[in-house]
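Enquirer: Each chain, letter by letter, is given below.
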Amino acid sequence: MNNPEINQTVTQPKPKGGVTEVIGKIKTVLLRVWGSFPLPVKNILIKFYANKKVFIPVTVAFGLIFLIIILGLLFGTRSAPVVFIPPKKTPTPFVVTTPIATPSGDILSVTEIKLKELNSQINSLDVSQQKLSPPAIDYDVSF
Amino acid sequence: MKKAVLTTLVLGSLYLVLSTSIHAQTFDFNKAYQDHLYNLTLYNQAYSDYQDAKNSYLANKTLSLKEDARQKTLNMLRSRDQMMTVYMQMLKQKIVEDKGLSGEDKNNIFVKIDSEVDWYKSDKEKYNSNDSLETLFSRSDEARARYKANTLLTIDEALVDIGLGEEIALRNEHEAVYSTLKTAIDAGVATGKLTRNPFNHWLTDIDATDSMLKQNESDVRTRIQKIYNQSYSPQGSFEASIEILGLGVPQLSQFNKFLTEVLNYIKNQQ
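Here the protein sequences come in this chain order: A and B. Per my numbering: the first sequence = residues 1 to 143. Per my numbering: the second sequence = residues 1001 to 1270.
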């Protein structure tokens, strides 16, 4: 029980300046990040920090926002129902097509109408395209 | 500050109004056709003015009447180029909206139409306000040569393509109906309401009509290309192509009639 090795292990004091060391590490990281900023950005940030009338309100506002977000994440009710609003469908263009056959027999009536329409289109066909005939042009321009 | 806000508001409103009106004026065949009719009217008016000025000058050959005739000739020639440009664009738009022709068919004719449009646009730009009457006559002869050697052939091919596209579209629609009826027959046979007879024979005849239509379309395609073959007369090739196209109309009617008969038979059996 009186083993000196065990006592030594239990009572071994924490290294001095542990907090200081952590702060030092954070400082090193921050300095590295600061060093990576381009000079114009640094200047802007320095100016921003120097102007306390702007810096303090902005910092406080952002701090509050972050605080609210963190509080919301910690204590917010996650069971709130998520209302899913389906996106409105874009109206599809009206296309005249032959419907798919169904056992009900309605397709036959639709097909009958379709065939009549097609017959009317056949009867109105103008293969020589009279409406689009080239305009009459008099190329005999001389006098 | 107030001025800046007001200016922004006015410009914003103007932009909205203009963009809305531009969006509303979508270019389609109807618009292209109206443009063609409008430009045709302008050309006819310019031609009428040219004829009047020409006749006045020939009746009384004064310098001022000659100058008037020169100006009217110049105006007529410019209007003619413009009218031809719009006419070719109208034909193109008609083919753009065609549902029967394939992309390849369309591209083949578009290349030719675009070439004509470019020529007439360029020709119109070449006219100079100070061109002499002799220069104008010479320029008109160039246009005549172009029209005879290129434009007319392109127009003829485009018109045949338009007719062909209409027939193909109608055949496709009949084929869709035919497919629906065959499905209905299969369903009827499966449920015992219909028997295979007499459909087997009827479908064979309908298939034959469909094949004839396809063969006719192929013949039209082959025939119209002869318009560019110097061994054939362009006018003759055009007329022959139209004649073959005409053969497709009774075949389409036959297709329609057969399908209607099949449909009525199915309906009577149910």
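No wet-lab data here; the hints were simulated from the structure. Do not rely on the hints blindly, as some may be mistaken.
Claimed, not checked - Which stretches of chain B does chain A cover? Using the computed rule of at least three CB atoms under 8 Å from a CB of chain A, they are: (1) 1053-1060; (2) 1070-1081; (3) 1089-1100; (4) 1128-1141; (5) 1144-1154; (6) 1173-1182; (7) 1238-1249.
Claimed, not checked - Computed list of lysine-lysine pairs in DSS-like fashion (alpha-carbon distance at most 25 Å, straight line): (8) A:Lys-131 <-> B:Lys-1182; (9) A:Lys-116 <-> B:Lys-1121; (10) A:Lys-131 <-> B:Lys-1148; (11) A:Lys-47 <-> A:Lys-27; (12) A:Lys-131 <-> B:Lys-1106; (13) A:Lys-131 <-> B:Lys-1031; (14) B:Lys-1066 <-> B:Lys-1124; (15) A:Lys-131 <-> B:Lys-1099; (16) A:Lys-116 <-> B:Lys-1214; (17) B:Lys-1267 <-> A:Lys-116; (18) B:Lys-1148 <-> A:Lys-116; (19) A:Lys-131 <-> B:Lys-1112; (20) A:Lys-116 <-> B:Lys-1066.
Virtual Cβ for every residue (Gly too), placed ideally from N, Cα, C.
Enquirer: Under the constraints set out in the numbered hints, which ones does this structure not fulfil?
Expert: 8, 9, 18 and 20
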